[in-house]
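Given the coordinates of chain A, assemble chain B onto it according to the supplied hints.
Chains A and B are the protein sequences, given in the same order. In case it helps, the numbering used here puts the first sequence at residues 17 to 149. In case it helps, the numbering used here puts the second sequence at residues 33 to 339.
The calculated label-pair distances, taken between Cβ atoms and stated as ranges, are:
no. : chain 1 : residue 1 : chain 2 : residue 2 : range
1   : B       : L259      : A       : E29       : 46 to 54 Å
2   : B       : D161      : A       : R33       : 50 to 58 Å
3   : A       : P63       : B       : L259      : 29 to 37 Å
FYI, nobody ran anything at the bench for these hints, they're computed from the structure. Please read these numbers as outputs of a predicted model, since none were measured by experiment. Backbone N, C-alpha and C define an ideal beta-carbon position, used for all residues, glycine too.
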Amino acid sequence: MTEIQVIENPALEGKRRALVLAEDRVGHYPEFREFFVRQFSLGTNGPSRPGYVRAPSGMIYALVFVGRSGEPFPDGIEIYALPDALEPLDDPEVDADLWALLRWMIEGVGGEWRVDDLDATGRLYQLSVVADV
Amino acid sequence: MEALETAHRFAHDQWPYESKFRRVNGWRMHYVDEGIGDPVVLLHGNPAWGFLYRKFIKPLTAAGRRVIVPDMIGFGLSEKPVREQAHTLDGHIANLTGLLRQLDVHNATMVCHDWGGPTGLGFALSNPDRVRALVVMSTWAWPLPPAEFHKRIFPWRMMHAPLVGPYLLGRHNALAGRGMYLSVVDRKKFRAEAQSVYEGILPDPGSRLLTWTWPRWIPLDESARGLTRFEWLERELRKSKLPTLLVWGREDEVFDHATFATRFKELLPHAEGPELVTGRHFLQEDSGEEIAGKINRFLDRIEGRQP
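Bound-form chain A, shown alone (with noise of 0.2 Å):
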């Protein structure tokens, strides 16, 4: 079902990085933090390198884990779009990819976090990402 695909050094050259979310707490809920480092390899590789992944439009975007004193790590997850230098960003794709790519992390958190209820909770928001779903 999920339509992220996680790739290994992309081609940067001739991108920027443009910022589209930021967590500044992902281990509020552990189990969180623990898909990403499975995910990742975060364990072995700490913050050497971003996470890379391809969504549905087909932008790649940067994961960037950011680490805090005193907090296991990673402690933020900055993502980054990576479009060519000089394209603004198209925001209704964006929202698209990130609703893809929340949706690949809830069915990676497995447990009691089910993609379904995030559907649900996208749906009584009204989020017009989810009704393409």
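Positioned in the frame of chain A, the structure of chain B alone reads:
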């Protein structure tokens, strides 16, 4: 006078009050301060601002009271920090304490709603020489358990989960828009006169940080941040002899009166009420003038005024 303290008007016909600002605890806090008399401090929660009390100010000032309505740091016209770590329960109590000490408030009635509960009661219980009465509406002041609603994944925990919170409540302003809309009784009226004001005061994702940070401060287990402060609140509140009025919305499904008003009544057996009015969680939207009247009559009784 510092530029910080200069006034301006928020251009809205339902909010004709002069804006004032003070620097408190390192932040720029907005408030209105109307009328003359013993102060009534009206405290909002998430994701509201002073506008929630627009129907309270005239009846209270007309009855000879001073009304102070602060915007919590992170909401309304107050400064909005950009990092989650800037927000702590103790820090917000200190923010309010800073303002009310600067204004040299004494003999105050603290009107507490939602997160205005833990913060306002925190101020009252740590500054007993400045407070004479409490009005408590749709809030809580004890560690565990919260409402059943707060323990469920759908929709509460999912809504503010890591990355979901910044997306749903940040990019999409879900709490100030749809969230408040779902938490009033007369939704048509709310949409016509208020919803755009609550949405518009939080115009950008970065300005909405506190809307997903406060939910993360509600204790769900023994490891929660803020647990010891809530334990202190419950312990101190049980000792309080302050005259107290409980006002609750009949239709409140989040802090339902059968659970929450009853618990306050157990902690404060001398409290008046709960007086039930038409309202869900944001009962001020449905019954503002009626609640203001109840507060006036409650304070009249304390003061021995003739009705």
